[in-house]
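Student: Chain residues, written in single-letter form:
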Amino acid sequence: MAVLSDEKRIEAWERLMRDNRDVIAINKNELREAVNAIDQFLENNAATINNAFPAAAKNGLSAGQKALVVAYVALNRYGVI
Amino acid sequence: MATVKLQLDPRTAIPGTANGAQHTVFDGTNFPVPALAFDGGSADEAVYFLFKAINYGSGNLTLTIDWYADTASTGNVVWGAQVAAITPNIDTQDIEAKAFAAANTQQDAHLGTIAQRLHSVDLVISNLDSIAADDWVALHLFRDASDTVNDTLAGDALVVMLTLSYSDT
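Chains as they are written, first to last, in our numbering: chain A, 1 to 81; chain B, 1001 to 1169.
Any given hint might turn out to be false.
One-sided and incomplete, this derived list gives chain A residues near chain B with beta-carbon spacing under 7 Å [unchecked claim]:
no., residue
1, I10
2, E14
3, M17
4, N20
5, V23
6, I24
7, A25
8, N27
9, K28
10, N29
11, L31
Simulated from the structure, these hints should not be mistaken for laboratory data. Remember, predicted model here, so these are calculated numbers, not experimental data. Don't be surprised by glycine CBs; every beta carbon is placed ideally from N, CA and C.
Looking at chain A on its own, in the form it has when it is part of the complex (with noise of 0.2 Å):
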């Protein structure tokens, strides 16, 4: 899988500005930056990621489950949901 088009970043930070409930401190450029560089950190990480799925869930989960197992875990961890 490449990095995502920059059609989809651009969809994505929006959907980020227009999603964030809370003061965000940081101006909307560099926050493009960070949706740039944690879409390029997953593409350079992506097989060590799913080497973290144990066999089962690794073997046996699409990559679109895997994601959602990554995004809810982190929502949770940093109490976003």
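Model the placement of chain B on the given structure of chain A, informed by the hints.
Tutor: Frame of chain A; chain B shown alone:
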């Protein structure tokens, strides 16, 4: 010589059919706050106001924009405005096909500390489309969000009141 001031209530705004800013009302602690929400994304969201240039005399129009940030506590917002003026009984222009004069823009910086503090900025409209006394006028207000070099405020910019001023002489 006097200054005419017209208040343009955000609730009277007509959102653009494409990329329209959103009418919204926030439940404040003690009173509701109606506002026009302009996204910070890649589209230049817009609204339109229609008014009569009652007793317009001469000179530029000054549009005072009262706004606040939804979530941002830093960054700049770039506001743009342009007018289209028609003199009834004299101009033969088709009202439904009338074009706007070139836009003027004004940048305003968030003053920090509290995200939802109220800001005010004057946008001078110098491209007047030959406006004359008692003209019918369409005003196009937009956030120049696609100008990401200058418009850097993350999230919505919320307009709560507009005041248009001009000289009657």
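Student: The structure should be examined with respect to each hint, and the outcome stated for every one.
Tutor: Hints, verified against the model:
no.	hint	in the structure
1	I10	holds, 5 Å
2	E14	holds, 4 Å
3	M17	holds, 5 Å
4	N20	holds, 6 Å
5	V23	holds, 4 Å
6	I24	holds, 5 Å
7	A25	holds, 5 Å
8	N27	holds, 4 Å
9	K28	holds, 4 Å
10	N29	holds, 6 Å
11	L31	holds, 5 Å
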